[in-house]
Every structure is written in structure tokens, then in C-alpha cells.
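*Asks:* Go by the hints and put chain F onto chain A.
Number of protein chains: 2
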Amino acid sequence: MRNDGSPRVVIVGAGFGGLTAARRIARLPVQLTLIDRRNHHTFQPLLYQVATAGLSPGEIAAPIRSILRGHSNVEVLLGEVVEFDLARKQVITNDRELDYDFLIIASGATHAYFGHEDWEPYAPGLKSIEDALEIRRRVLLAFELAERRKKVAGTVELPLQFVVIGGGPTGVELAGTLAEIAHHAMSHEFRNFEPSESKILLIEGGPRVLATYSEELSRKAEAQLHRLGVEVRTSQMVTKIEPGAVWVSGERIPSAVILWAAGVAASTLGRKLGVPVDRAGRVLVEPDLSIPGHNEVFVIGDLAALNDANGKPLPGVAPVAIQQGDWVAETIARDLKKQPRRPFHYRDKGSLATIGRAAAVAQIGKFELSGYFAWLAWLFIHIFFLIGFRNRILVMIQWAWSYLTYERGARLITGSDELTGWTQSQEIHDPSPSELHSR
Amino acid sequence: MRNDGSPRVVIVGAGFGGLTAARRIARLPVQLTLIDRRNHHTFQPLLYQVATAGLSPGEIAAPIRSILRGHSNVEVLLGEVVEFDLARKQVITNDRELDYDFLIIASGATHAYFGHEDWEPYAPGLKSIEDALEIRRRVLLAFELAERRKKVAGTVELPLQFVVIGGGPTGVELAGTLAEIAHHAMSHEFRNFEPSESKILLIEGGPRVLATYSEELSRKAEAQLHRLGVEVRTSQMVTKIEPGAVWVSGERIPSAVILWAAGVAASTLGRKLGVPVDRAGRVLVEPDLSIPGHNEVFVIGDLAALNDANGKPLPGVAPVAIQQGDWVAETIARDLKKQPRRPFHYRDKGSLATIGRAAAVAQIGKFELSGYFAWLAWLFIHIFFLIGFRNRILVMIQWAWSYLTYERGARLITGSDELTGWTQSQEIHDPSPSELHSR
Chain A
382 MRNDGSPRVV
392 IVGAGFGGLT
402 AARRIARLPV
412 QLTLIDRRNH
422 HTFQPLLYQV
432 ATAGLSPGEI
442 AAPIRSILRG
452 HSNVEVLLGE
462 VVEFDLARKQ
472 VITNDRELDY
482 DFLIIASGAT
492 HAYFGHEDWE
502 PYAPGLKSIE
512 DALEIRRRVL
522 LAFELAERRK
532 KVAGTVELPL
542 QFVVIGGGPT
552 GVELAGTLAE
562 IAHHAMSHEF
572 RNFEPSESKI
582 LLIEGGPRVL
592 ATYSEELSRK
602 AEAQLHRLGV
612 EVRTSQMVTK
622 IEPGAVWVSG
632 ERIPSAVILW
642 AAGVAASTLG
652 RKLGVPVDRA
662 GRVLVEPDLS
672 IPGHNEVFVI
682 GDLAALNDAN
692 GKPLPGVAPV
702 AIQQGDWVAE
712 TIARDLKKQP
722 RRPFHYRDKG
732 SLATIGRAAA
742 VAQIGKFELS
752 GYFAWLAWLF
762 IHIFFLIGFR
772 NRILVMIQWA
782 WSYLTYERGA
792 RLITGSDELT
802 GWTQSQEIHD
812 PSPSELHSR
Chain F
382 MRNDGSPRVV
392 IVGAGFGGLT
402 AARRIARLPV
412 QLTLIDRRNH
422 HTFQPLLYQV
432 ATAGLSPGEI
442 AAPIRSILRG
452 HSNVEVLLGE
462 VVEFDLARKQ
472 VITNDRELDY
482 DFLIIASGAT
492 HAYFGHEDWE
502 PYAPGLKSIE
512 DALEIRRRVL
522 LAFELAERRK
532 KVAGTVELPL
542 QFVVIGGGPT
552 GVELAGTLAE
562 IAHHAMSHEF
572 RNFEPSESKI
582 LLIEGGPRVL
592 ATYSEELSRK
602 AEAQLHRLGV
612 EVRTSQMVTK
622 IEPGAVWVSG
632 ERIPSAVILW
642 AAGVAASTLG
652 RKLGVPVDRA
662 GRVLVEPDLS
672 IPGHNEVFVI
682 GDLAALNDAN
692 GKPLPGVAPV
702 AIQQGDWVAE
712 TIARDLKKQP
722 RRPFHYRDKG
732 SLATIGRAAA
742 VAQIGKFELS
752 GYFAWLAWLF
762 IHIFFLIGFR
772 NRILVMIQWA
782 WSYLTYERGA
792 RLITGSDELT
802 GWTQSQEIHD
812 PSPSELHSR
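Protein sequences appear in the order of chains A and F.
Just so we're on the same page, the working numbering is the position in the first sequence counted from 1, plus 381.
Just so we're on the same page, the working numbering is the position in the second sequence counted from 1, plus 381.
Only chain A is shown next, with the shape it has when bound in the complex (with noise of 0.2 Å):
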């Protein structure tokens, strides 16, 4: 793209804010480069759909320079940021510098562990679709390594156990389905052991799951889990987790497979501006979403940390990132007329968690719903926002599919080191004798 001489913009990440932004952006008289270190965006409230091999991968991506293709003052990179240089304004990537009049900085959170980084081999968490793939070949390989045990002979065969940690909506909706899996997809298709009897267990630090909704609807979410066959234990720590077993309050559950979902850190990227970043390392961003000392530099998304008019912290959601999006290509247009800045304000539309098959929960303002009418308006909510038409019908059939036959639409085990890994797993998952005699 050559220079011609209009203010160039640069966006870093193309998830909700990035790409809202950007498509807004583009229609303004801007150069803008909008740079990400994968080629898709990626839909992240349906990852999990991905993991627990309901939907592929390629039915919730869409690649980036496709969504941009029309507008021909849009550069789209695949690349990674390594540095800001805010005094030069540039951003600095693995192979290039690029100039630019204003920067959007939306490179997102990824899952954390709090100083127990040692966990994620055991324990993996879900951002973007390789971690998806990752727990999808888990899951699916505890079924196939079940089915592989050898009966040892005065042993009582523990169940096949799941456990998920961390009671958010994403350790809520993983939970409901690894239980609709393994309670109803996998029937009658094993001999040798009856997937049904599966465990799925469910801990949460708190006092109760989903924890930013009303205590009613944590109580009913609770009760939704029940009745799908998870079991919840709350305000229970996990103090350890070793290949094949978590400990948690001082017990050591053996598991075949272990999913970590307690916790998110903010990207790396933040800590680099040398501003202020609060304890996750968001950045303190100021009113207008620009950071302190430089008014051309804007944080979006769970990057950034506001808190709304009450003084409460803005939740890290889609629709916080998708609005602070469009309020900085607002902002900057603005900014090109000349006119004065105005503070960002989030409009609250209300939030939204499935939990499983016809079961969800839903607070809008003060109105508050759950079960299968909160479920269906999930399913709608999500199909509407999912970038493509293509996609939007592929997904469409696919849940209909399932609904239908409690299949499951990608049940595939992949990966290049499948045999290693699966040794592995095994050793992992099977029970010494020992530990069979012991419960």
C-alpha cells in the first residue's frame, strides 16, 4: 500500500473491538493496517462448541482479509507486535516498523494460572482454536482409552471423570456439554465400559457459579448443571493438579481429563506502553479510551480497564469490546473534523449464558429468565453475530442436527503426534490398582 499521505491508522488484534473498529475505520479517509498473529478472527463465545466437537473450526473463523476485502485503504497483516515506540509513533513487529497517527490496541487476554503456569500442560484453558482442537483430542481419546482398559482383576472400575475448574460462563457451558456428551452422544457406542456413568465435576472458588449474575440466577444455573448431570462444588480450592489428578481441598480427585477455566490475564501487550495497568495488567485507560499522555494511543477490549458509572469494572464480554470499537472509529472521526472528544459509555443490553441443552440464563436490566426460552434466545443471539452468512447457516444446521440426534457434528481425533500423545494420556488417565482399592 503506498503512503498517500492520509492519517494512518494502525489497529493490533482482530477480535471483537479490532474488527469493529476496523470495518468502521475503513469507510473514514484513513490508510489503515490492521494486524493480527493469525490470519482468522476467531468467534470466541462459541470456542467451546469447537472443544467439545459440536461445531468445526472453520464454521466460527473467518479469515480477516476476507471481511476487509472491499475497502481498498485497508492493509491486513499477519504478524506479531513485539514493541511501541508511543515518542516515534511506531509499532515495532518481528519484521518491520510501521508508522502511524493513531493506534488501536486490541490484542485481547489469554487464560492465566496465577503463578501455577506449571498446571496448563494437565489443565488446558480456551482462547483461541488450537486449544479448542487440543481439548477436543483429549476428551474424545478418554472415551477411546476407556474403551481400551484392561479389567484388572479385584478392582472396582472407577467412572470416567471430567473435571472443570473455574465457574464462569465458560467453565459453566464446557461442563453442561462434556456432560451432554458423555450422558447422550456416546451412548450404545462402547462395549466395554458405559460412557453414561461419566463424572463431570465442576469447581468454583466462590461461593456460587456465574457469579456476575443475580444469586437467583446462580441458583437456578446451578440447578440446570444438576439436572444435566454435572456435579458443582463451590468455594473449593484446587491446591494442586498433576498429570491425571487435582487435588482440591486436600482430596485427590483422579481425572481423565482436566479443563482450566478459573482465569484470564490480560495480553502482554499492555505492560509495554508504560502507563499504568492494574493487577491482571489492563491498561488504566482514560474516559475517552486513550491511554495517559497521548491522545493519538487507544486500549479496547479486555485490554482495557474502565470502570461504568457506578464505579463498577467492565466485564471482559463481547459487547463491551464490540461498543469501545466503534466509539474510537467514532472518536478518531471526529477527531479528523475537529471536533471534541466525548467520554465512552457502555450501554448494558444484557448478558447471556448457556449452560447446556435447553438450558441457559438470561439478565436483561432488571428482567431475568432461564431455562429453554433463555436458551433459545442464545441460539439466536449467537447465530445473528457470527460473521458470515455462510457460517450462519452451517451452524445453523449443525445445532438443528444435534438438537435432533444428540450427535455430535466433529468428533475427530487429529493431531501429528496422535499415538505419542495418546500413550501418554493413558498413563494419565488409568488408575494404578492401588488407587482403585483405595476408594
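It should be emphasised that the hints constitute simulated quantities derived from the structure, not laboratory data.
One thing to keep in mind: the hints can contain errors.
When chains are identical, the list treats them as one kind, so a pair holds in a single copy or across two.
[What the hints assert, rightly or not] Below, simulated SDA-like cross-link-like pairs (lysine to any residue); rule was C-alpha separation at most 25 Å, straight line:
1) K719 with D707
2) K470 with N573
3) K470 with D480
4) K718 with H452
*Replies:* Positioned in the frame of chain A, the structure of chain F alone reads:
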């Protein structure tokens, strides 16, 4: 599964041959074990569409145990066969021995480099979902890297070069589809180079492409390839492959992506039976598809070498494997009823090869067809034989969508060591300035 005294049948491999045999044998009064290294059956004729981002892996694969779920006398095992003990009638896997009364080996073929195994990292072949995803990653990255390529003053920029080695059906499909991607699907998406100027080269060692078809159809296939923008070179030998370049008849061709479709070899299991095999490792079976000296052991599909009534070897295609799977099931049924065996005869219902958008060739007995109608026939036959009603609908929608919009449905670059792989690819495909001058 408990041993109930009924005859035990073991099938190795759940490709077209093994799965067809399993579905039929499941209805006999036997205990059946089907063992495969993967948990899914792959519809190989559409693998090239996964490799070229047209379809998602989940759309051309189905979990083996779902397919056979309805039969309580069937056990599906994820495992790797290591050895056979024909005297004791045992299959030895990586973790157990399986007794059999009848054994069917249908472990297929893989791509072969004929003594040049060191070429594989630079020119991958296409036999599994993993292969297809690796090829997709390389193809999509090649475009991304071309966009990032730095201008070198005083040099001419090379167009993006793709090379497909081997002019059989797979090579022709890959080359035709790559041309469609480069010349249509990617248009208007890049700012620093013109994807439609990419070159696609198909190299065939023999005198014509699609050598198993008539000379007339080969000529038409070549014309259709030209129309799609593929350069075809026949009677040319690849003498060397190195990172980022192919040597063809003494000429060095710098290439962004090199794909290998030049040959297959039979699964190594064939050589473990202690019976004669041909040069490609295929087992020389008796007319009833059993092996010499052991009429309870059958070999079918790509692993079997058998001539037709005219003394011509049967081709390694799905219809042969399917008919052989059916026929072995029938033979076991006859054995159980103490009826005499009959020799296998292949009924050739014709062959079809697709070349690209609205381009294909078909040979049905003496009847030949090419172009749009051959392509429509190809579409319908492949939808019809695809396993799973859900997959059929999804593939139909993807195809209709791609046909109307020229877009590809699954343009994701995934893989855990994304950025490492990328740097390496860039070295591979960025021509040095001296190279640029020399052309």
C-alpha cells in the same frame, strides 16, 4: 465384549474396504472387531478440498464407532497393529493380542517418494486429514508471506509459484483447485502483490496426465487445466527437491509451495504376512482375495494386488476396495453356511476425475464425457457416497456457496508452532536478490 463362542472376525483398517466389509459382516452371527489408528473414517476423494480450504475436516470424516453403533456384536478399537501370528491366528497390536477365526487386512496405502524420502518435508503428500491441514497451512501462508515480502530495489519480483508433482487424479485436482484459489478466491484481498498473477505448474513424468483414462480424455483434461490457468509439463522428471525449489529436467524452479502426488506405496503391514508382495508392497492375493496358505486371511483394497479378467492390475480406487469389502463379507457368510467360495470379479462402473470448477472427465465403458456435465456427475456421485446425512447437507451448502461466490469456506491457518513454521516458510519462498536477477 464377552466371547460368546461365535466366530471372531478381525478387520484392520476402516477405509472404504474395511468399513464396507464391517457393515456387512456386522449382520452375520459373528463377533467383529474393527481396529484403526484413527477414530474416524476419512472420505479420501475429498481430502484435496480440505487441503485447499474448501471443506472442513469434520465434513468429510465420520467417527467409526458412530457408523457401527447399531451393532452390539461389533467392537471398535483405536489401536495400531504391529504384527500377525498366522499360526496362532492372532493380531498383535501395540497393547494386546486379538484372536480371530477370519482376518481382513485393509490398511491401504500411503504416499511414496521412491527412495527420496528426504523430499517429504519440502513436498508433502496427501493421505490423511493431518496431511491436508498441513498443505492448507502452507498454501494459505504462501499468500500471507507474499503480502509481507519486502521490495528489493533493482530486482524483478517473482510471481507466487505453486508446483504439483504427479499428474494422476490427485495432482490434477490439486493443481486445478490451486489455480481457482489464486485466480479467483483471493482477488481484491491483497495490497502488495497480485494473487491472480500466481503460477501453478503441474509436472508429470509420463507422456500425459490422467494416464489411466483414454488419450482423448487426457488431452481434454489438459485443455481444461490450461483454461483454469495451470501450466502442464509432461515427460519431465523431478531430479531434486530442496527447501523452496524443485529441479525439473535440469532447471531450478523457485517455489512457494511444492506438493507431492507422484506415487503411493502399500501399507507396510503387507510385508508382515510372509507371503509374496509386488514391488509396491501389495500382497499378491488368490482369486478369492485370501492369501496363499491361509484361506481365513483376506487382503483387500489398496493393499491387495490382483489382475482383472484381461490381465490388467486393478486400480487403487475406492470402488475396487468397496466391492472387495462386500465380496469378502459375502465369502465369510458362505463359509459359515459351508457353501463353496467363488472368485472375485471387479465390475468397472466407470471412472471420474475432477479438474476444477465446472471441469472434469468421465469414462463409463466406451462412453466418454468431459467438461460441465462430467463435473456435475462428479458432484452428485461424491455427495451420494459421502458417509452421513449431515455431512452431505453441509458439503452441498459449501459447494453451492463456493460456486456462487468463489469463496473458500475453511481458510484457517492453524498449527501450534505457527510462527516458527512461518519463518521457515518465508526462507523457503523468498527468492534471494541474485536469484531474481538471474531470471
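*Asks:* State for each hint whether it applies.
*Replies:* Against the structure, the hints:
no.	hint	verdict
1	K719 with D707	within (18 Å within a copy, 77 Å between copies)
2	K470 with N573	between (64 Å within a copy, 23 Å between copies)
3	K470 with D480	within (6 Å within a copy, 72 Å between copies)
4	K718 with H452	within (21 Å within a copy, 71 Å between copies)
When held up to the earlier numbered hints, the structure conflicts with none and fits them all.
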